[in-house]
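A.B. asks: Here is how the chains run, residue by residue.
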Amino acid sequence: MDWQALELSLRLAGTALLFLLPIGLLIGRTLAYGKSRHRHWFEAAIALPLVLPPTVLGFYLLEGFGADGPLGALYGRLFDRPLAFSFEGLVLAAIIFNLPFAVQPMARSFEAIPPDIRNAAACSGLGPFRSFLRIEVPLALPGILSAMVLCFAHSIGEFGVLLMVGGAIPGETRTIAIAIYDRVQAFDEAGAARMSAFLLLMSLLAIGASYALTRRKADDRR
Amino acid sequence: MRGSIPFLAVGLALALALLQAGPSLAASGHDQERPLVAAASNMRYALAELTRQFSQETGIEPRLSFGASGAIAQQILRGAPYELFLAADAAHLAQLRESGHMTGEGRFYAMGRLVLIARLDSPLWANATDGDALGSLAAATNEGRIARFAIANPQTAPYGAAAAEVLRAAGLYERLKGKLVIGETVAQATHYALAPDVDGGLVALSLALIPEIAGRSRHIVLPERLHAPLCQPMALLAGAGEGARRFHDWLQSDTARTVLQRFGYAAADERCN
Numbered sequence: 001m002d003w004q005a006l007e008l009s010l011r012l013a014g015t016a017l018l019f020l021l022p023i024g025l026l027i028g029r030t031l032a033y034g035k036s037r038h039r040h041w042f043e044a045a046i047a048l049p050l051v052l053p054p055t056v057l058g059f060y061l062l063e064g065f066g067a068d069g070p071l072g073a074l075y076g077r078l079f080d081r082p083l084a085f086s087f088e089g090l091v092l093a094a095i096i097f098n099l100p101f102a103v104q105p106m107a108r109s110f111e112a113i114p115p116d117i118r119n120a121a122a123c124s125g126l127g128p129f130r131s132f133l134r135i136e137v138p139l140a141l142p143g144i145l146s147a148m149v150l151c152f153a154h155s156i157g158e159f160g161v162l163l164m165v166g167g168a169i170p171g172e173t174r175t176i177a178i179a180i181y182d183r184v185q186a187f188d189e190a191g192a193a194r195m196s197a198f199l200l201l202m203s204l205l206a207i208g209a210s211y212a213l214t215r216r217k218a219d220d221r222r
Numbered sequence: 223m224r225g226s227i228p229f230l231a232v233g234l235a236l237a238l239a240l241l242q243a244g245p246s247l248a249a250s251g252h253d254q255e256r257p258l259v260a261a262a263s264n265m266r267y268a269l270a271e272l273t274r275q276f277s278q279e280t281g282i283e284p285r286l287s288f289g290a291s292g293a294i295a296q297q298i299l300r301g302a303p304y305e306l307f308l309a310a311d312a313a314h315l316a317q318l319r320e321s322g323h324m325t326g327e328g329r330f331y332a333m334g335r336l337v338l339i340a341r342l343d344s345p346l347w348a349n350a351t352d353g354d355a356l357g358s359l360a361a362a363t364n365e366g367r368i369a370r371f372a373i374a375n376p377q378t379a380p381y382g383a384a385a386a387e388v389l390r391a392a393g394l395y396e397r398l399k400g401k402l403v404i405g406e407t408v409a410q411a412t413h414y415a416l417a418p419d420v421d422g423g424l425v426a427l428s429l430a431l432i433p434e435i436a437g438r439s440r441h442i443v444l445p446e447r448l449h450a451p452l453c454q455p456m457a458l459l460a461g462a463g464e465g466a467r468r469f470h471d472w473l474q475s476d477t478a479r480t481v482l483q484r485f486g487y488a489a490a491d492e493r494c495n
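If you read the sequences in order, they're chains A and B.
Note that our numbering gives residue 66 to position 66 of the first sequence, counting from 1, and the numbers run on in steps of one.
Each position in the second sequence, counted from 1, maps to that position plus 222 in our numbering.
Extracted from the complex, chain B is given alone in its bound form (with noise of 0.2 angstroms):
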């Protein structure tokens, strides 16, 4: 009985040696050096190269944290900490702007493609035009070769709208609507849109040129008509630190448009405003 009293207390000691081993509770305020940024899942790519890139010239290393725009902003509703935002879509920050919870009115640093993409040995491709994603994609459907088709949840992600407005807008989402797989970002829907039970999925042009996904998948982008354009805009928040405002102002420049041309974003222009 005795014998595991000592247990105990070398429990309780290492507990107490874990939290002062860690920073102290208290001490996590904003860090100029360490700016905290919440990005839409579309740029998980981009980001960590621009991150790079931005670090290696300053010395300031932002602290990512990716999620679905809207989840993003219903958690800066909710006081989360973060100093810049690159959300997917405008609609967002205007809920933000209204609260208070944005510094400044918000800049445009990107717009995005939807691309119709799947495995390479997915039954999608089997009657394929390249450069003709949504033909591709209607004979898919029409053919019956479709059993599930992922995109990521329009309520919450702009990706997601995007792409139910285009499927929508061919007449096919009522043919499809009981073979979605809904991702909670579109980085989810792109996992889904390349698992084996699923035949492919409308996702983003920057996560399918990521080399992992690349390597193992075939995607048509398609035509920006068909969707509202996919501009993508990102703010500062309230309390944001001299380490945020940097990197902010950092994203405009040509150095950060090559990089995000690199990875399938285009320059937002006036369709934007």
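Pulled out of the complex, with its shape left as it was, chain A reads as follows (with noise of 0.2 angstroms):
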């Protein structure tokens, strides 16, 4: 077992998860409510990650992260390092790449609260940033929580963009799903195979739990 790389791929689901909470409340929330007739297309833009393949993705982050790209160039010049093949830029580009499994559970949650139970929250004096946190934010929670679940999975299990990304860097980039790949290019097919039971059994356990917290609420409101 790799522990280095175990420790590291939660490191970073941890760490995109800190930021996608938020950036997922946001736009998750302007989605639901905005009026825009352009807001199909935003959607379909945070979407994206979906349906492209990861090399197709990944080569678009190594071309903006790499020394020469845009983020990469502007990176070098303020931290004095690469954002390729570092943590950083994994973090940046498991923001990315999970960004629709951030935002649309939690989009289609807002979208599911009465509008009448906010028009009443606004006619009980509510600010609108009260009546987040004390209304739509309790009412949202199934929704936001398995978006966190399904993130932090996702980001443990990607391997594609990671790869093309980070290189495979011990301790750095070298994350658990990497590790496996490399330890069957190393013909070590038992520690491979340790290394997948573990992740399959860390993932069942992550979904079934989102599944539960769920279904706990959908059975809270009957």
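Please note that the accuracy of each hint is not assured.
Unchecked claim - Pulled from the structure, derived: some chain B residues nowhere near chain A, Cβ distances all over 10 angstroms:
id: 1; residue: Phe330
id: 2; residue: Arg335
id: 3; residue: Ala348
id: 4; residue: Arg440
Stated by the list, open to error - Computed far set for chain B versus chain A, every beta-carbon distance over 10 angstroms:
id: 5; residue: Arg266
id: 6; residue: Gln275
id: 7; residue: Ala302
id: 8; residue: Pro303
id: 9; residue: Ala313
id: 10; residue: Ala316
id: 11; residue: Asp354
id: 12; residue: Arg367
id: 13; residue: Ile404
id: 14; residue: Thr407
id: 15; residue: Asp419
id: 16; residue: Asp476
id: 17; residue: Arg484
To be verified - Restraint-style ranges between C-beta atoms, simulated for each label pair:
id: 18; chain 1: A; residue 1: Phe59; chain 2: B; residue 2: Ala369; range: 24 to 34 angstroms
id: 19; chain 1: B; residue 1: Ala460; chain 2: A; residue 2: Glu63; range: 54 to 64 angstroms
id: 20; chain 1: B; residue 1: Gly461; chain 2: A; residue 2: Glu63; range: 31 to 41 angstroms
id: 21; chain 1: A; residue 1: Ser196; chain 2: B; residue 2: Leu431; range: 19 to 29 angstroms
id: 22; chain 1: B; residue 1: Glu464; chain 2: A; residue 2: Arg39; range: 32 to 42 angstroms
id: 23; chain 1: A; residue 1: Ala209; chain 2: B; residue 2: Ala270; range: 53 to 63 angstroms
id: 24; chain 1: A; residue 1: Glu189; chain 2: B; residue 2: Asn349; range: 43 to 53 angstroms
id: 25; chain 1: B; residue 1: Glu464; chain 2: A; residue 2: His38; range: 55 to 65 angstroms
id: 26; chain 1: A; residue 1: Leu205; chain 2: B; residue 2: Arg390; range: 44 to 54 angstroms
id: 27; chain 1: A; residue 1: Arg39; chain 2: B; residue 2: Ala369; range: 47 to 57 angstroms
id: 28; chain 1: A; residue 1: His38; chain 2: B; residue 2: Arg397; range: 55 to 65 angstroms
id: 29; chain 1: B; residue 1: Gln317; chain 2: A; residue 2: Gly34; range: 42 to 52 angstroms
id: 30; chain 1: A; residue 1: Phe79; chain 2: B; residue 2: Arg329; range: 50 to 60 angstroms
id: 31; chain 1: A; residue 1: Phe19; chain 2: B; residue 2: Lys401; range: 41 to 51 angstroms
No lab work stands behind these hints: they were computed from the structure.
Built from N, CA and C at the ideal position, the CB exists for glycine as well.
Assembling the complex is the task here: the two chains are given apart, and the hints tell you how they should meet.
C.D. replies: Below, the structure is given as structure tokens:
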């Protein structure tokens, strides 16, 4: 078992989550209540990582993150180290490829809140921000939670994008999924089998917990 | 409803704790004790043994990252923080020298060999002659005993380029073209070559000698004259630290050369220059 890779994967997933939660809430809510006629295009852009092959996404990210890319050059000037092939680069990549997994469940559960409830909150004198915190977030919580679980599991499981953007640097960008690939390449099938089984179990637990939470919320409401 | 707020809080706290527990985000520059080495995948097995011995002698523990030489060169061009690059051919180093990513000229540390490999029960071996890799392959091809044949990607992996060269020169390339399974690296090609539905492949001797491979396969070494010599150069990269420099020098020592020989590499000779 490659504990270093596992720790890296968990750290990556946790860090990405810290960013994805506020971003997802903001974009999800905007999509749910927004009135713009063009928001379908915006939503489509966010959904792109769902349908694009990881190689395409990885290619564009590498172009952007590389030392000559716009983001990579800016980051290099600010921090004097490359963005591609670094942990920070992986975090940024994880935020991007997880956007649809964060935004869509949240948007759906904000949409599901009856307008009457939000109107009632406004009539009772709750400002938009307090209404968001006290009324909307608690009601949308099942969607928010399952979005977070999905993002976490997806960060840990993603392979192609992270390999292209990160290389496979031990302790820096060699996540558990890449370590498994590496073990297979090194003809260490026993090692690959152990790590794969561990990842399988962990994913099942994560998704199972997410479904259980959502189900309980649905039951609560009845 | 209220019951799940603690879940979220606990989740966030966990994420924060993980962040704190890990090494600081910014602290990953060059580490003298753990230089970052990128290597062509044919070196996978030999390099593990080389770094083991080097660490015992010096206490320095190189971190290894493997890939196709072409892919690693691309990564370096885009700013990957490797300090030493053990390539499988000189072409990819030339690119790095021009772009100023290398320090110094680079040194040849080994010459690789190509082998015909297949699992023990492959139809490839039905009519094979020991010591005649090409004849055995030609016979199997002409008698239609090969359904799938693995080589590494000739565009990115030098062992793949050598394999394609051999097949072309022998006039077998056209006949095998539709049956080729292309591995991204020579290590992946070796995997494919031994897969149940694949009847063989042309791969690196250094990989054919790995116990896990040698135990379930047979191989015949190809004569060197059949392809351009597989001269493998290494180069210190811009920003290489002291640990990387010491490893670079140690790899040219007699100890290292003995290990390399044991893993199927010859010492680089004048054909490389």
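A.B. asks: If a hint holds in the structure, say so; if it doesn't, say that too.
C.D. replies: Here's how the hints hold up against the structure:
1. Phe330: 24 angstroms, holds
2. Arg335: Answer for Arg335 of chain B: holds, closest chain A Cβ roughly 19 angstroms.
3. Ala348: 26 angstroms, holds
4. Arg440: Arg440 of chain B clear of chain A: closest Cβ-Cβ about 16 angstroms, beyond 10 angstroms.
5. Arg266: 6 angstroms, violated
6. Gln275: 18 angstroms, holds
7. Ala302: Since the minimum Cβ distance to chain A is about 4 angstroms, Ala302 of chain B lies within 10 angstroms and the statement is violated.
8. Pro303: Violated, because the least Cβ-Cβ distance between Pro303 of chain B and chain A comes to about 6 angstroms, which does not exceed 10 angstroms.
9. Ala313: 20 angstroms, holds
10. Ala316: Since the minimum Cβ distance to chain A is about 19 angstroms, Ala316 of chain B lies beyond 10 angstroms and the statement holds.
11. Asp354: 27 angstroms, holds
12. Arg367: About 26 angstroms separates Arg367 of chain B from the closest Cβ of chain A, which puts it past 10 angstroms; holds.
13. Ile404: 15 angstroms, holds
14. Thr407: Label violated. Min Cβ-Cβ 7 angstroms, cutoff 10 angstroms.
15. Asp419: 17 angstroms, holds
16. Asp476: At about 27 angstroms from chain A, Asp476 of chain B clears the 10 angstroms cut-off, so the statement holds.
17. Arg484: 17 angstroms, holds
18. A:Phe59 / B:Ala369: 24 to 34 angstroms: 33 angstroms, holds
19. B:Ala460 / A:Glu63: 54 to 64 angstroms: 22 angstroms, violated
20. B:Gly461 / A:Glu63: 31 to 41 angstroms: Distance hint for Gly461 of chain B, Glu63 of chain A is violated at roughly 23 angstroms.
21. A:Ser196 / B:Leu431: 19 to 29 angstroms: Because 27 angstroms falls inside the window, the suggested range holds.
22. B:Glu464 / A:Arg39: 32 to 42 angstroms: 56 angstroms, violated
23. A:Ala209 / B:Ala270: 53 to 63 angstroms: 38 angstroms, violated
24. A:Glu189 / B:Asn349: 43 to 53 angstroms: 31 angstroms, violated
25. B:Glu464 / A:His38: 55 to 65 angstroms: 57 angstroms, holds
26. A:Leu205 / B:Arg390: 44 to 54 angstroms: For Leu205 of chain A and Arg390 of chain B the Cβ distance comes to about 52 angstroms; the hint holds.
27. A:Arg39 / B:Ala369: 47 to 57 angstroms: 53 angstroms, holds
28. A:His38 / B:Arg397: 55 to 65 angstroms: Once the Cβ atoms are compared, 56 angstroms apart, the range 55 to 65 angstroms for Arg397 of chain B and His38 of chain A holds.
29. B:Gln317 / A:Gly34: 42 to 52 angstroms: 48 angstroms, holds
30. A:Phe79 / B:Arg329: 50 to 60 angstroms: About 33 angstroms separates the Cβ atoms of Phe79 of chain A and Arg329 of chain B, which means 50 to 60 angstroms is violated.
31. A:Phe19 / B:Lys401: 41 to 51 angstroms: At 48 angstroms between Cβs, range holds.
The earlier numbered hints that this structure contradicts are 5, 7, 8, 14, 19, 20, 22, 23, 24 and 30.
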